[in-house]
Structure formats: structure tokens, C-alpha cells
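Colleague: Chains A and B supply the protein sequences, listed in that same order. According to the working numbering, the first sequence is numbered sequentially starting from 1. According to the working numbering, the second sequence is numbered sequentially starting from 1.
Don't take each hint at face value.
[As the list claims (entries may be wrong)] Where chain A lies over chain B, by a calculated footprint (3+ residues, C-beta under 8 Å):
| no. | stretch |
| --- | --- |
| 1 | 61–68 |
| 2 | 105–114 |
| 3 | 172–180 |
Source of the hints: derived by calculation from the structure; they are not laboratory data. C-beta: ideal position from N, C-alpha, C; glycine also.
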Amino acid sequence: MNKKDRQQAIWFTVSGFFMLMTLAVLAAILYSIFKSGAAVISWEFLVDAPRRNMTAGGIMPALVGTFYVSSLTVLIAVPLGITSAIYLNEYARQGTIVRIIRLSIRNLSGVPSIVYGLFGLGLLAATFRLGTSLLTSALTLAIMSLPWVITASEEALKAVPASFREGGLALGATKWQTIRQLVLPNAVPGMATGSILALARAAGETAPIILTGAAFFLPNLPTALSDRFMALPYHLFILSTQHTQIERVRPLAYGTALVLVALVLLLNMAAIIWRYQMRKKQTW
Amino acid sequence: MQTNNNNNNNNNNNNVFEVENLNLWYGKTQALKDVSVKIEGRKVTAIIGPSGCGKSTFLKVLNRLISLIPSVKISGSVQFHGKDIFSDGINLVNLRALVGMVFQKPNPFPKSIFDNVAFGPRIHGKKTKSELADLVENSLKKAALWEEVKDRLHEPGVSLSGGQQQRLCIARALANEPEVILMDEPTSALDPSATLKIEDLVRSLREQYHIIVVTHNMQQAGRVSDNTLFFLNGELIEADTTEKIFTNPKDKRTEDYITGRFG
Numbered sequence: 001m002n003k004k005d006r007q008q009a010i011w012f013t014v015s016g017f018f019m020l021m022t023l024a025v026l027a028a029i030l031y032s033i034f035k036s037g038a039a040v041i042s043w044e045f046l047v048d049a050p051r052r053n054m055t056a057g058g059i060m061p062a063l064v065g066t067f068y069v070s071s072l073t074v075l076i077a078v079p080l081g082i083t084s085a086i087y088l089n090e091y092a093r094q095g096t097i098v099r100i101i102r103l104s105i106r107n108l109s110g111v112p113s114i115v116y117g118l119f120g121l122g123l124l125a126a127t128f129r130l131g132t133s134l135l136t137s138a139l140t141l142a143i144m145s146l147p148w149v150i151t152a153s154e155e156a157l158k159a160v161p162a163s164f165r166e167g168g169l170a171l172g173a174t175k176w177q178t179i180r181q182l183v184l185p186n187a188v189p190g191m192a193t194g195s196i197l198a199l200a201r202a203a204g205e206t207a208p209i210i211l212t213g214a215a216f217f218l219p220n221l222p223t224a225l226s227d228r229f230m231a232l233p234y235h236l237f238i239l240s241t242q243h244t245q246i247e248r249v250r251p252l253a254y255g256t257a258l259v260l261v262a263l264v265l266l267l268n269m270a271a272i273i274w275r276y277q278m279r280k281k282q283t284w
Numbered sequence: 001m002q003t004n005n006n007n008n009n010n011n012n013n014n015n016v017f018e019v020e021n022l023n024l025w026y027g028k029t030q031a032l033k034d035v036s037v038k039i040e041g042r043k044v045t046a047i048i049g050p051s052g053c054g055k056s057t058f059l060k061v062l063n064r065l066i067s068l069i070p071s072v073k074i075s076g077s078v079q080f081h082g083k084d085i086f087s088d089g090i091n092l093v094n095l096r097a098l099v100g101m102v103f104q105k106p107n108p109f110p111k112s113i114f115d116n117v118a119f120g121p122r123i124h125g126k127k128t129k130s131e132l133a134d135l136v137e138n139s140l141k142k143a144a145l146w147e148e149v150k151d152r153l154h155e156p157g158v159s160l161s162g163g164q165q166q167r168l169c170i171a172r173a174l175a176n177e178p179e180v181i182l183m184d185e186p187t188s189a190l191d192p193s194a195t196l197k198i199e200d201l202v203r204s205l206r207e208q209y210h211i212i213v214v215t216h217n218m219q220q221a222g223r224v225s226d227n228t229l230f231f232l233n234g235e236l237i238e239a240d241t242t243e244k245i246f247t248n249p250k251d252k253r254t255e256d257y258i259t260g261r262f263g
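Could you build all of it, start to finish, from the sequences and the hints given here?
Modeller: As C-alpha cells, then:
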């Protein structure tokens, strides 16, 4: 074995080992959540409200609240994000200003989520008088998700070959016709995947919603945008740190974690499968 | 072919494009230098020259696709049937409908064969099914592709071979019923037999269209064109009938290029 081969073998081994370690950590997390949480999972757990001071019952209001707030987030963030990406990538004259905007967007995606929470509380809840509510939380999460949606959508637009745009324009199509008929249809898979991933992250976020609208416990489901709501991640936080009988409710906490993780994994998997299906159909 | 020093009584002449003192810069790099030329109608005009000589740039000026590049600066005038295409009154949608283009690499849209050809007519407002079906059939026939695809019009355009894809792109340009067809090295991505088919097609189209074809293949220029423009380093060195350019060039540089001494 010569030196080059040896080097290669070493690096393959080392990188393979670290890959396995990463995988092991992930597996350990999933295993511990599953092991401790699976026992409490039942149909009742999913459709029942917490009972007897949260020591019994299920997580239905938190599940529904998370569904509401994430759906609203997507409804707000995706149209805004996609249209912003179209503007930035297709219309804006590429120059210093657009570079600065793009850089700011990239940086925004690195801002800690608690800061978004504070922003939502200060600006939306207080200044705009939206109060702590479903709407305020969804807006806050939407603002937080926007950078991801914009970035993913821009990548999707960039991946559409320039020859489609040139071909369309050369046939006398307007810029919008070209975008609408040739660029967007081919960017949809990437945009959708990015949006689902943003949705999955929004569903799991805790800090922003604690500050802007998530409630400790509510007897009723939210019926208006101005209502407060329960959410899975916050419910998990309460069960595992704020409850008076933490040891006793631990299985419920793990059950909640399991549902949350399963939800997020399902969303991610849906995104991956969808992307795979669209790629198979994609011919360029 | 008339060069710029010939008489200048335009309008009721046969010129499609009249270019005067055209200069073009990409940022600070000058790509076209003081180009003046008249391009005759109902002829095939070949543009030859080594890589980077400005021939593709010149072609993209003619349908103003060049304007997509923000750093481009242009001076001089380019008239299409006596109308300056850089004037404010020009409608790019109309210009590009009249001046079609075929690209170096076949670029069928990710749509069916039918929808590829129907793309132009649809965006220009032709909607009825029978109208579209006729146009698609005629365009594919003119592009010598009909027989090969008539039974699978609804299969994706990209399922065709490279040469067929390029003829599909020609059909797509023809469906707009243009006057001019610009071709930017249309065969450089194709194999020899597909190339010959495209060349036959170009010859058959010359009766109905003004064709301007950029090529770095001199044999091709000789085979298909009536007139030839020779570019070098952004300058138009010589413009004449293809026969004269190839047999009796006036400029030493043209002769050197034709005889393969560089490029």
C-alpha cells in the first residue's frame, strides 16, 4: 500500500467513523424518546385534553394549537417569501443593494428565535395592540420563517436553467409570462420543499410563541385569531420543567416529545418524498 | 451584401437590418467596435469569426436579447425595416415575435412537443384549438420534424434526440410567424448527420425568411449562406457574398481566417 492509498484509507475510515457517531447520537435521541414515550401513546392521548392538573389525559389542545399556529404561519410566510424571492431573483437589478438585502436575509435566519419572540411581543402584541394571540404568534413565526422560505425559493429559482428564460423572452414573451409559464412551474418543487421544512421548524419552535400567545393551559380550543392557544413544544416545556409533580408526569412529557418529533419527521419526510417524486418527473 | 461605404438610399430597399456605427461594451470591455452593415432580406447571412470575436453578441443585438445583461452599453443605431430597435417606441414583444431565435444548445421547454411549438402563438393571443393545431402542424412540417413526431405530439420535448430538439426549437420559432430567424451556432451541439439536416432546413427556409446564422464552422457557412460577415476582435472586417468571401476576400485577415491560418 503506497502513501496515497494509505492516506485515502485513513480519511475514509475517519470520516466514516464520525458519520456513524452523528448517526448514533440521532438514534440515541430517537430511541430514548420512543422508549420513554411510546407507553403513553394511545388514541385517547391524542384526542383527550389534559386532566387532573395535567397528570392525566392527553395533548389534544396542544396538538390542535400547534396545527393552527403552523398552518397560519405557512399561509403568511409562503406567499410573502415566494414573491420576495421572485422579486429578488427575477426582477431586481442585481447590484449592491440587492446584495445587501440578500445578506441581511441570510443573517436574519441566524437570529435566535427568542429575539423574534421579543420582537413579536414588543411590536405586534404591544405596539400594534394584537395582544398575545394566535395571530401574533403566527405572525412572529412567519417573520422568523421568512428568511428560510426566501432563501429556499431563491435557490429553486436559480436552479431553473437560464435557457428557459432566454427561450421564452426570445419568443416575445413578457418577463412575467416567462416567469409564470417557464420558471415558476419548474421551481415549485424546490419552493414547496423549502416551505415544508420551514413549517416543520415553526411547528417545533418554543421561544417565540411563549412570548406571543401560547398558553399554559386552556380548557377550550381557540376559536378566533385573537385567542390564545396551547402548543406542543410549550406543553412539553411545562411538563418537563414547570410542573409541580415532574416525576409523575415524565411519561406524559416523553409522549408529547414523541408526538412532536414524529410530526416534524413526518413533515420532513413528506418534503423529501415530494421532492424525489418531482425530480423524477423533471427532465432537465 | 452592401457594406457601409455603399450608397445609403434605404427604405424602399431589400435590407432587413441596417446597422450603423454600432459599439457595444460589457462593462469596460468593448465587444463590438464601430460595426456598420446592411443585412439583405430573403438571404441566408452567415456570421463567421473566431471565438470571442463578437459574432454571438452581434446576433443578440438584433433581437435585443443582449439587453438582458445589465452591464451592457450600446451606441450607434440598429434599424429593423427602418425603425431603430433601441428607440423608446420599440415594443420588445413585437420585435422578438418578428425576429425569432434559435440557440446554440437546443433548449426545448419542459413541456410536450405540441406545447413547445404552441408556446409563442399562445402568448401572442392565439387561443382556438384548431388555429393552434394548424400552426403547430405547419411549423413542424416546415422544420422537417412533423413526420417524426406526428404520433407523439404530447410526449415531452426533451424526449427527442438532440437534432430533433433543435428542429423542435426551430419549429417553435417558426410558429410565431417571424420574418427573421437568428441562429446562434445552431449545430455546434449536434452530430454530423443532425447537422446536415439542420443545414438542409436552413436552405429550405430561405425563400420565406431572412436568416442570420452564426457559425464557427466555415464549411457550414459555405454550404448554407448567400452572404457572409467576418468578425474579428469585435470589428466587422469584411462583408460580402459568401462566394467572394471564400474565393476572393479583399482583406488579408479574412483570407488568413478562411484558409485556416488562425481561429
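Colleague: Are the hints correct? Go through all of them and say.
Modeller: Status of the hints after comparison with the structure:
no.: 1; hint: 61–68; result: holds (count 3)
no.: 2; hint: 105–114; result: holds (count 4)
no.: 3; hint: 172–180; result: holds (count 3)
Violation of the numbered hints given earlier is absent; every hint is satisfied by the structure.
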